[in-house]
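With the hints as constraints, model all of the structure from the sequences given.
First to last, the sequence lines map onto chains A and B. Each residue of the first sequence is one higher than the last, beginning at 266 in this note's numbering. Each residue of the second sequence is one higher than the last, beginning at 266 in this note's numbering.
In short, the hints are calculated from the structure, not lab data. Please note: incorrect hints may appear among the correct ones.
No copy is singled out in the list; a pair is fine if it fits within one copy or between any two copies.
What the hints assert, rightly or not - Cross-link-like lysine to aspartate or glutamate pairs, in silico, EDC-like; alpha carbons within 20 Å at most:
no., residue 1, residue 2
1, K787, E386
2, K701, D406
3, K550, D762
4, K545, E590
5, K550, E770
6, K787, E724
7, K787, D389
8, K311, D762
9, K545, E336
10, K577, E674
11, K311, D785
12, K701, E680
13, K577, E476
14, K471, E325
No experiment lies behind these values; they were computed from the predicted model shown.
There are 2 protein chains.
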Amino acid sequence: MTLQGTLLIGQQAVTGSQADIYAVNPATGETLPPRYPGGSRADVEKACQLAEAAFSQYRETTLEARAQFLETIADEIEAIGTELTQRGAAETGLPEARLEGERGRTCGQLRLFASVVRAGEWLDLRLDPAQPERQPMPRADLRQRHIPLGPVAVFGASNFPLAFSVAGGDTASALAAGCPVVVKGHSAHPGTSELVGRAIQRAVAKCEMPEGVFSLLFGSGRDIGQALVSDPRIKAVGFTGSRSGGMALMATAQARPEPIPVYAEMSSINPVFLFPEALKARGNKIAEGFVASLNMGAGQFCTNPGLVIGLKGADLDAFISAAGEAVKASNAQTMLTPGIHEAYQSGISALSDHSNVKEIARGQAGSGPHSCQTGLFVASAQDFLADDALQGEVFGASSLVIECQDSDEIQRIAEQLEGQLTITLQMDDGDLNAAKALLPTLEQRAGRILANGWPTGVEVGHAMVHGGPYPATSDSRTTSVGSAAIYRFLRPVCYQDLPTDLLPEVLRDDNPLNVSRLVDGKRES
Amino acid sequence: MTLQGTLLIGQQAVTGSQADIYAVNPATGETLPPRYPGGSRADVEKACQLAEAAFSQYRETTLEARAQFLETIADEIEAIGTELTQRGAAETGLPEARLEGERGRTCGQLRLFASVVRAGEWLDLRLDPAQPERQPMPRADLRQRHIPLGPVAVFGASNFPLAFSVAGGDTASALAAGCPVVVKGHSAHPGTSELVGRAIQRAVAKCEMPEGVFSLLFGSGRDIGQALVSDPRIKAVGFTGSRSGGMALMATAQARPEPIPVYAEMSSINPVFLFPEALKARGNKIAEGFVASLNMGAGQFCTNPGLVIGLKGADLDAFISAAGEAVKASNAQTMLTPGIHEAYQSGISALSDHSNVKEIARGQAGSGPHSCQTGLFVASAQDFLADDALQGEVFGASSLVIECQDSDEIQRIAEQLEGQLTITLQMDDGDLNAAKALLPTLEQRAGRILANGWPTGVEVGHAMVHGGPYPATSDSRTTSVGSAAIYRFLRPVCYQDLPTDLLPEVLRDDNPLNVSRLVDGKRES
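Structure below.
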């Protein structure tokens, strides 16, 4: 199809009236047509109005109808074909093969949520049957289920133009929960966004869902996003991006007459702890895996390993040397946007210029205008502990190795870490006791702990946690990847002594949908 | 025992150094000894330091040990005997029988959470086993559990000196989750608080828990509370009280370098919808039940029915007349504190003086200094819809009846309601369709919907929701009563490819504690 450069408001395609957005091919610096005139506050109003109107109908759809809707979105995205991955590659500088993988993940995610919707665990059904004879007071009949919060604002992320964007995890989990979604598309990939948005529009029509269940807005600057989060009809926000962007949305959401939850996934440096036995036994192999993870997507992953901690000595020296060689051999990769490239350069310069940081190696210089030239640096634990700035995220392929004098210093670093999405342990059997001693501290600082793997590559499943304490996210109680993400858009309601005819179907005695329930606190499948 | 007038910091009794607090018997206006010198910021520091130190040990206690600790607290509270209910009555003006009931509820709540801890549902265990052969990429072994957030600040409420105070629901659910608790006792009942606090201290010692798992602070004004919520070691806040108090804590929590969740239960007017058939068939009986609920605890319940909505006409007239008679016959009751009494008087005066509100009846005037003289008022739906101030909570026995011209006006009122803890339907079989039409709107505005009962009296069970959209609470995704309250103090962590020896026991293959788990999204009991 020919891209139209429009907003998608319900089933309509609407040409914006505000400042134009153009995608830029970061590999060449060239501007990609069409132009995307930004939306106005009136467009935000209209999208929210439609979302609210759709909510009462959408939340009452059967689990089966809602699951089929999610599957239809996946089908429609696949039906776009190579146009999607080609446009995505042009807008992001990412290889087309990576976008093919990401499309698979995105569609798999939608289908996972379809299965989650059908299984109904997320309804958290609880029944406390009446006890009319109880002394000193009879007990009423009490039944609980989860209901959706209402329309959700979703912000597309720059670094995953499919999996964390228009039909990404936030959209999938909100739709699964029964919430209409208004997406603010990321300005760096409007064409990719439009293609996916139109796929969702088609799924809405095919499944005869109320049109307001999905809208897609564009807008340069923060105006549209702030207007969206301020709109009284919006009841929750999903965001993946920078710390400053997330903090701004949190402040807006908190200042509303009715504050609402913001699920912002912001910054993480994903520390990697190198334990002595592992380092001794397979330092070179670890260095190889580390640099491969560091370079993935030009380091533009939320889970990029930006910090490595080890005991100073010959084994760590050997690791640093091997990692440095691998970094030097790293090809330059195009970064997502000119702005991200600029911030990366400035982060790298700050490390290079830091009096207590030593540059180990840089990767190959690129010929394109927005190349990432991987950086590896080293500092002492003492200097790291003395300077909070060294915990700042450099978004892109950059990592800092910290040399510790002893295990006490390692422990102190663990204690001083900010909240993280992930923490990685490289360990062998002989490191077990050291890892055991450190684990309780690490666990309190991350959403995911992994051993002998690399943090990049976030599995979409039931047990995944892509979250963690602030500032990794704004709300550590949830995950933005995996089936548990559905809980972010739900709240419990209790029904007391309601006549059967008034009770939600799932809560009736005969359990018509055969969903697992807690009866007097005991699990009945 | 003789009350000491001290703070309780860990296992120590510490005499405060700041402005004195005295309990006042609201029935007589007399000051009750001893004096309670307020805590300083250094005392807050000390309590938080101990709480943090206790956390690493307390969170690793076995489920059985933690359950026994909760049960021991209940035993120790019961062992105080009548001193507790006598002192409670003197400090609050509540009848001793009511405090006996409340003690039963408080201890029952602790024991419920003991059973919840043992059952382990709250761990939300999820296993996605490794798939080494999966194409195109193998799947790692992923396991998820919930872990506690860290030390929790709990604010005692004025209106339930046992069940929502030092060892109330917030404390019970936080301790159950594995979080140490620092309580800011309510200044209106320091003696009751000290008695309960010492019972918890004894339970800590008997169960050999780390001393910092519990501390109790006092302080006049908001200084101590704000210092507590600002302390970086505190990771969540539980509060029941006024809207302004809750909002102040939310602002403080949000302004911290690391923002934390605040669970504030604030204000609710608990609308009651009178449907026509029910009103016609049993208007007098409904009026009787309504006024009994209205007068419960001098109306000082969060779930007090402060708003009644019905169709204008002879049946509603008869209801108003019967309710008015019952109100006139209502005995005066002593209110909790001089401050609450003053706010009540001012709320009642605002209604009496309101040009669009008619006073129906007042209860018996009291002879004591802080008497609640029940008030019943009426206004038209049109006037109610035009004036948001009429949705304000008058804390105490006061209710406003709204006369509607037709069902459209009832629907508009439902749509304009702020978030509520409860909404009550008085309905008969013939009202089913009308109730069905209204329910989706009501459900979006309340945490609990009940039919043909009264909102006062909140059952402590598994299916209860004592919560609701803002401003009923600061966070509609949770409940402050019932077993699901434990989730407020937990967050998920995922373990990827961890060696068995490093895995938390509950996540090991053999499920040693036999806790229900989701394996690849399917429930295994």
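Hints and how they fare:
no.: 1; hint: K787 - E386; result: both (14 Å within a copy, 9 Å between copies)
no.: 2; hint: K701 - D406; result: between (47 Å within a copy, 19 Å between copies)
no.: 3; hint: K550 - D762; result: between (63 Å within a copy, 18 Å between copies)
no.: 4; hint: K545 - E590; result: within (18 Å within a copy, 87 Å between copies)
no.: 5; hint: K550 - E770; result: neither (56 Å within a copy, 31 Å between copies)
no.: 6; hint: K787 - E724; result: between (31 Å within a copy, 17 Å between copies)
no.: 7; hint: K787 - D389; result: both (12 Å within a copy, 14 Å between copies)
no.: 8; hint: K311 - D762; result: neither (39 Å within a copy, 47 Å between copies)
no.: 9; hint: K545 - E336; result: neither (48 Å within a copy, 50 Å between copies)
no.: 10; hint: K577 - E674; result: within (11 Å within a copy, 75 Å between copies)
no.: 11; hint: K311 - D785; result: neither (45 Å within a copy, 40 Å between copies)
no.: 12; hint: K701 - E680; result: within (15 Å within a copy, 54 Å between copies)
no.: 13; hint: K577 - E476; result: neither (60 Å within a copy, 38 Å between copies)
no.: 14; hint: K471 - E325; result: within (18 Å within a copy, 52 Å between copies)
Hint check: violations occur at hints 5, 8, 9, 11, 13; the rest are consistent with the structure.
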